[in-house]
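Visitor: One-letter residues, chain by chain:
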Amino acid sequence: MIRLDAVAKSFGQVRALAGISFEVPDGQITGLLGPNGAGKTTALRVVYGVLRPDSGRAFVDGIDLAAARLEAQRRLGVFPHAQGLYARLTAREHIVYFGKMHGLSGSILARRADELVAALAMEDIADRRTEGFSQGQRVKVALARALVHDPRNVVLDEPTNGLDVAATRQVRTLLRQLREQGRCILFSSHVMQEVSALCDRVVVIARGTVVAEGTPDDLRRMTGRESLEDALVAAIGSEEGLA
Amino acid sequence: MSWLHAFWIVLSKEIREGLRDRRALLTALFFPVLGPVLVIVMLFLVSDSSRQAEEKGVEIPVAGRANAPNLVLFLEQGARVVEAPADPEEAVRRGDVPVVIVIPPDFGEKLRAGRPAPVKLIVDESRHQARPATITAEHLLAAWSSQVVAQRLVVRGIHPSVVEPLAVEREDVSTPASRAAMLLATIPFFLVMAMFTGGMPIAIDVTAGERERQSLEPLFATPVPRSAMVLAKIGASAAFGAATLAETLIGFGVVPLLVPSIRIGFSVQLDPGMLLRTFFLCLPVVLLAAALMVIFAARARTFRAAQTSLSLLMLVPSLPGMALAFQAARPAASLYAVPFLGQQMIVNELIRGSALVPSQALIATGASLVALILVCAFAVRTFERGQPLFDA
Chain A
52 MIRLDAVAKS FGQVRALAGI SFEVPDGQIT GLLGPNGAGK TTALRVVYGV
102 LRPDSGRAFV DGIDLAAARL EAQRRLGVFP HAQGLYARLT AREHIVYFGK
152 MHGLSGSILA RRADELVAAL AMEDIADRRT EGFSQGQRVK VALARALVHD
202 PRNVVLDEPT NGLDVAATRQ VRTLLRQLRE QGRCILFSSH VMQEVSALCD
252 RVVVIARGTV VAEGTPDDLR RMTGRESLED ALVAAIGSEE GLA
Chain B
-13 MSWLHAFWIV LSKEIREGLR DRRALLTALF FPVLGPVLVI VMLFLVSDSS
37 RQAEEKGVEI PVAGRANAPN LVLFLEQGAR VVEAPADPEE AVRRGDVPVV
87 IVIPPDFGEK LRAGRPAPVK LIVDESRHQA RPATITAEHL LAAWSSQVVA
137 QRLVVRGIHP SVVEPLAVER EDVSTPASRA AMLLATIPFF LVMAMFTGGM
187 PIAIDVTAGE RERQSLEPLF ATPVPRSAMV LAKIGASAAF GAATLAETLI
237 GFGVVPLLVP SIRIGFSVQL DPGMLLRTFF LCLPVVLLAA ALMVIFAARA
287 RTFRAAQTSL SLLMLVPSLP GMALAFQAAR PAASLYAVPF LGQQMIVNEL
337 IRGSALVPSQ ALIATGASLV ALILVCAFAV RTFERGQPLF DA
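Going down the list, the protein sequences come from chains A and B.
Here the first sequence is numbered in our numbering, starting from 52 and rising by one per residue.
Here the second sequence is numbered in our numbering, starting from -13 and rising by one per residue.
None of these hints come from the bench; they were simulated from the model.
Virtual Cβ for every residue (Gly too), placed ideally from N, Cα, C.
Mixed in with the good hints there might be a few duds.
One-sided and incomplete, this derived list gives chain B residues near chain A with beta-carbon spacing under 8 Å [claimed, not checked]:
1. M(-13)
2. I(-5)
3. S201
4. E203
5. A207
Footprint (simulated), chain B over chain A, 3 or more residues, beta carbon under 8 Å [unchecked claim]:
6. 100 to 110
7. 132 to 138
8. 145 to 155
Assemble the whole structure, with the sequences as input and the hints as a guide.
Guide: So this is what it looks like as structure tokens:
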């Protein structure tokens, strides 16, 4: 479970988050939807502990990130906006490195790496250095290293960005599997179809604050619109930055 | 997972990745050869040219030799007297000859008459290379002059020492050996260069490089203490710096084997024991160099900018050591507390065969460790703030 409580963050004059609060329950996929520049990435960065908010608090499974960041990070699988890989390490070495940093070792870690290689259908690339990987291959490595320690909570920043249809479907399947395992899944997107196809709950943010929250049906009802797309445009107040 | 375990995980990953980095490996493998090769080549050049000079002696062109056969005989005891060129002034100005002594036709006549006999010394004071020949010519003329004075006084029944209140004895101790020693004094400079150059590709790769590849953010999202992260990165860079330093030391250890001490003119202290002491003496500054580079590279905007700033950073501590080679005065004791400089001064003494002075080594090591702790604390703080590291 992930919870943000009146989190505010400014970069110089720019107010990225204006006291944002929302909750992400276990066993559901929650979509953080908003136009570009709404503060999605900033909010997620606060959740996974690479950004300290100016005020407000963030919790993972009830653990305050400000008080016990490392403890909270142990319970998180993180797929950040940028999937930077180490060009001179193989895909499997990435998985093992991150597994070790999460405290795994030995045969348990080796078995876990094998499982992920199989689950993400990356047998052909597992022992190749990541230099020259396609976007789809990079995403698989980034997903595998995010999930290596079997986290209860998974945070993904635009995971299907730049993927082709087949790879996008694979990612969606994976997210549904994670939900069935009872995990708490928070992912951001500015793609409407993705949100409506996947999400149990939607948190719509614009200008650093939550403008609407609920199931896709809730949103349609709230705004009185038929399609989710119309509902979102109504909630945000503009079409700018949506896709 | 303990702090130490986390440190070790990151350290071993950075070293493994560094070993797969061809650029880092080439630097670490080839830079160490540079210093020793340069010193060997220079040693051969120095010993050859000075031996030539010693064998040939100083050459002094004299115009009008027939006018003063006795003077020329005297000159030939201290130099090789050769025929002067046709236009002596122009020849000296052009630097064809270092100096010319011109003896005019009325020399013998005036000398016999007991009047000052004219001798012209044509020199170019602006030419550094002409100095030895000029000084030799002046000295020989002065010596001959006082010899004549002595003879005249004896004839008049006066003891020559009456007009010689001073008995100045001049002794030139500059030998090929001391010139070689000056060359060997560049070794500390090469050692500091080695520790920086060897660790630099890693220091950049694990900071600015990692940010440019955007892999720093996923790393920061792991439950590894930032202090373990940054100290492991410093450690990986230092490991490469230390390896490069060790190779450079071994390279210098080979110098006495290739250049026989007779050629250098004195015995160089570059035996395994001395090299090992030097290595351990330098370890604190190897770490300090790595920590400084990691901070500078982490704060640079791009990979390229990091390369530029580190190249400049490297010059700061290595130049004072270069200056050591050219200064004669004994350095103040307080300078031993300056990181890098203190180590270079001690190594400089070790090369000349002096024993390690424990107090100097303690001061240098202690001061460098204090500096290391401060720099590491600053590096940890930079990483704990986090934000500027992946959003530059």
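Visitor: Against each hint, give a clear statement of whether it holds in the structure.
Guide: Quick rundown of the hints versus the structure:
no.: 1; hint: M(-13); verdict: holds (4 Å)
no.: 2; hint: I(-5); verdict: holds (5 Å)
no.: 3; hint: S201; verdict: holds (3 Å)
no.: 4; hint: E203; verdict: holds (5 Å)
no.: 5; hint: A207; verdict: holds (4 Å)
no.: 6; hint: 100 to 110; verdict: holds (count 4)
no.: 7; hint: 132 to 138; verdict: holds (count 7)
no.: 8; hint: 145 to 155; verdict: holds (count 6)
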